[in-house]
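Position 93 of the sequence shown, counting from 1, maps to 101 under our numbering, and the rest follow consecutively.
These are computed hints drawn from the structure, not numbers from a lab. Hints should not be assumed to be uniformly reliable.
[Said to hold, decoys possible] List time: in silico EDC-like cross-link candidates among lysine to aspartate or glutamate, alpha-carbon distance up to 16 Å:
1. Lys-143 with Glu-54
2. Lys-81 with Asp-140
3. Lys-143 with Asp-53
[Unchecked claim] Here are the in silico distance ranges between beta carbons for each label pair:
4. Val-32 with Val-156: 49 to 59 Å
5. Ser-79 with Gln-51: 29 to 39 Å
6. Ala-151 with Ala-38: 31 to 41 Å
7. Ser-127 with Thr-153: 19 to 29 Å
8. Ser-79 with Asp-126: 15 to 25 Å
Even for Gly, the Cβ is constructed at its ideal location relative to N, Cα and C.
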Amino acid sequence: MMRRTPLAARSAGRPSPLRRLAPVAALGAALALSACQTQSPIQTDEPYSAPDGVAVDLGAVQLRDLVVISSGKDQPGVLSAAVSNTGADTQRIAFALPQAQPVYAQAAGYSQARLSGDSQVTLPSVPVSPGDVIKLTVQSPHAATAVVTVPVLPPNGYYATLAPTATPSATATP
């Protein structure tokens, strides 16, 4: 008669190939999975523009969240941005659409303010509809000119208070 022995008793003296490869496979998987960080940088270390608008650096003058608020194509548009001037001198910032005359804003020395705060900086006519983007030339006397792609947004929600104010029209005298 043939005597049967349990499986555990037969393999107790020598490990199976699967048991020998399991620790090596686990070590390889741990190394491979831990190295994925080298291919994916930490996102909090990557600069990006979180708001709706774009950032522009002009030496001592920095603009953040630059957008154009307009109610429609060929309508006036208001510039909205946070402006910071880290220099001592007041800076005159020029904004111009392609083939248009520039409009200006002042940034006092050592200051930070909203561009659309006390006085609106208005572009006379925005050639695109809200939801589109437009090229805007921004320059300061002490920095290189920057040409940026700026979103055009409707005066809704957060931007409702920034709708362009009506320009006074000429009235006939009676």
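Status of each hint after checking the structure:
The hinted pair formed by Lys-143 and Glu-54 fails the criterion: a straight-line CA distance of about 25 Å is larger than 16 Å. Distance restraint check for Lys-81 and Asp-140: the Cα-Cα separation of roughly 10 Å lies within the 16 Å cut-off, and the hinted pair is therefore satisfied. Restraint check for Lys-143 and Asp-53: not satisfied, since their Cα atoms lie roughly 29 Å apart, outside the 16 Å limit. Judged by the Cβ atoms, the range 49 to 59 Å given for Val-32 and Val-156 holds: they are separated by roughly 54 Å.
At roughly 36 Å, the beta carbons of Ser-79 and Gln-51 sit within the given window of 29 to 39 Å. Between Ala-151 and Ala-38 the C-beta distance comes to about 50 Å, which lies outside the given range of 31 to 41 Å. At about 24 Å, the beta-carbon gap between Ser-127 and Thr-153 stays in the expected band of 19 to 29 Å. Taken as a hint, the range 15 to 25 Å holds for the pair Ser-79 and Asp-126, whose Cβ atoms sit roughly 22 Å apart.
Violated hints, listed in ascending order, are 1, 3, 6; each of the other numbered hints is respected by the structure.
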